[in-house]
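**Student:** With chain A's structure known, arrange chain B on it following the hints.
Listed here are the chains, written in short residue letters.
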Amino acid sequence: GDSVTQMEGPVTLSEEAFLTINCTYTATGYPSLFWYVQYPGEGLQLLLKATKADDKGSNKGFEATYRKETTSFHLEKGSVQVSDSAVYFCALSPQAGTALIFGKGTTLSVSS
Amino acid sequence: GAGVSQSPSNKVTEKGKDVELRCDPISGHTALYWYRQSLGQGLEFLIYFQGNSAPDKSGLPSDRFSAERTGGSVSTLTIQRTQQEDSAVYLCASSLGQTKNEKLFFGSGTQLSVL
Chain A
34 GDSVTQMEGP
44 VTLSEEAFLT
54 INCTYTATGY
64 PSLFWYVQYP
74 GEGLQLLLKA
84 TKADDKGSNK
94 GFEATYRKET
104 TSFHLEKGSV
114 QVSDSAVYFC
124 ALSPQAGTAL
134 IFGKGTTLSV
144 SS
Chain B
2 GAGVSQSPSN
12 KVTEKGKDVE
22 LRCDPISGHT
32 ALYWYRQSLG
42 QGLEFLIYFQ
52 GNSAPDKSGL
62 PSDRFSAERT
72 GGSVSTLTIQ
82 RTQQEDSAVY
92 LCASSLGQTK
102 NEKLFFGSGT
112 QLSVL
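For the record, the sequence lines run as chains A and B.
Counting from 34, one number per residue, gives the positions in the first sequence under the working numbering.
Counting from 2, one number per residue, gives the positions in the second sequence under the working numbering.
The following block holds chain A by itself, in its conformation from the complex:
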């Protein structure tokens, strides 16, 4: 069945470092791909999404490109801030009328 695999954390970085969180997926069709973020003490919220191959989603300095050839949707940010410390979840939506499938989450900790 459809699934999402993301790199295990925790990821610990210094402020202004470059961030990559890897995410790969398995899907039979043409899913939409998402990154959700959970800040400490807050609920899950959408960070960015891409709905077809080669689309790039971006928000708050984060980017991810939908790569069908490598079945990947890696999250990147050029310069992280302490406020980016959170748990990041990669997810896919196989088709309308089905539930979102999430990866296990990657904890990011940024220190000043």
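Watch out, some of these pointers could steer you wrong.
Below are the DSSO-like pairs computed for lysine-lysine, each with C-alpha atoms no more than 30 Å apart in a straight line [what the hints assert, rightly or not]:
1) LYS101(B) x LYS137(A)
2) LYS137(A) x LYS89(A)
3) LYS58(B) x LYS18(B)
4) LYS110(A) x LYS89(A)
5) LYS12(B) x LYS58(B)
6) LYS18(B) x LYS101(A)
7) LYS85(A) x LYS137(A)
8) LYS89(A) x LYS104(B)
9) LYS104(B) x LYS93(A)
10) LYS58(B) x LYS137(A)
11) LYS85(A) x LYS18(B)
12) LYS110(A) x LYS101(B)
Keep in mind the hints are simulated off the structure, nothing from the lab.
**Tutor:** Okay, now just chain B, sitting in the frame of chain A:
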């Protein structure tokens, strides 16, 4: 309402007791989802509603778990004869339920502790 509302926010119960968790989705959202979040396990899908029907309940871990949705709005997740391994944060989310590109809106969750 303004967002997805879940109650209670915290629930402590004794092993063997039944619990009910409530979710009030955003008005007009036809799709409603229940997930479970455990340490080290990420987000585990439990059940999905479209209106009052549940086309996918494949994630319910055992027959002790059940859920219903009435009036296309409020949903209740019931866990019977709770076990310690049921301890987790139970998250509810809702969406418009029309396309696969939609954003899910999550509630703050119910932290369930089974002693």
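**Student:** For a C-alpha distance cap of 30 Å, please report whether LYS18(B) and LYS101(A) respect it.
**Tutor:** The given pair, whose Cα atoms are some 47 Å apart, is violated under the 30 Å limit.
**Student:** Assess, step by step, whether the Cα of LYS110(A) is no farther than 30 Å from the Cα of LYS101(B), and give holds or violated.
**Tutor:** 26 Å, holds
**Student:** Would the hint linking LYS12(B) and LYS58(B) be met if the CA-CA limit is 30 Å?
**Tutor:** 23 Å, holds
**Student:** LYS58(B) and LYS18(B) were given as a pair; does the straight-line alpha-carbon distance stay at or below 30 Å?
**Tutor:** With Cα atoms ~23 Å apart, LYS58(B) and LYS18(B) stay inside 30 Å; holds.
**Student:** Measure nothing beyond the straight line between the CA atoms of LYS101(B) and LYS137(A); if it is 30 Å or shorter, mark the hint as holding.
**Tutor:** 21 Å, holds
**Student:** Is LYS110(A) within 30 Å of LYS89(A), Cα to Cα?
**Tutor:** 13 Å, holds
**Student:** Hey, LYS104(B) versus LYS93(A), does the alpha-carbon distance stay inside 30 Å?
**Tutor:** Holds: LYS104(B) and LYS93(A) sit about 17 Å apart, inside 30 Å.
**Student:** Does the alpha-carbon distance linking LYS58(B) and LYS137(A) stay inside the 30 Å limit?
**Tutor:** 20 Å, holds
**Student:** Would you mind confirming whether the straight-line C-alpha gap from LYS85(A) to LYS18(B) stays at or under 30 Å?
**Tutor:** 46 Å, violated
**Student:** Is the Cα-Cα distance between LYS137(A) and LYS89(A) 30 Å or less?
**Tutor:** Since the Cα atoms of LYS137(A) and LYS89(A) sit roughly 22 Å apart, the hinted pair holds (cutoff 30 Å).
**Student:** Holds or violated: LYS85(A) with LYS137(A), Cα cutoff 30 Å?
**Tutor:** The hint holds at about 23 Å.
**Student:** Given the hinted pair LYS89(A) and LYS104(B), is their alpha-carbon gap at most 30 Å?
**Tutor:** 16 Å, holds
Comparing the model with each numbered hint stated earlier shows that hints 6 and 11 do not hold.
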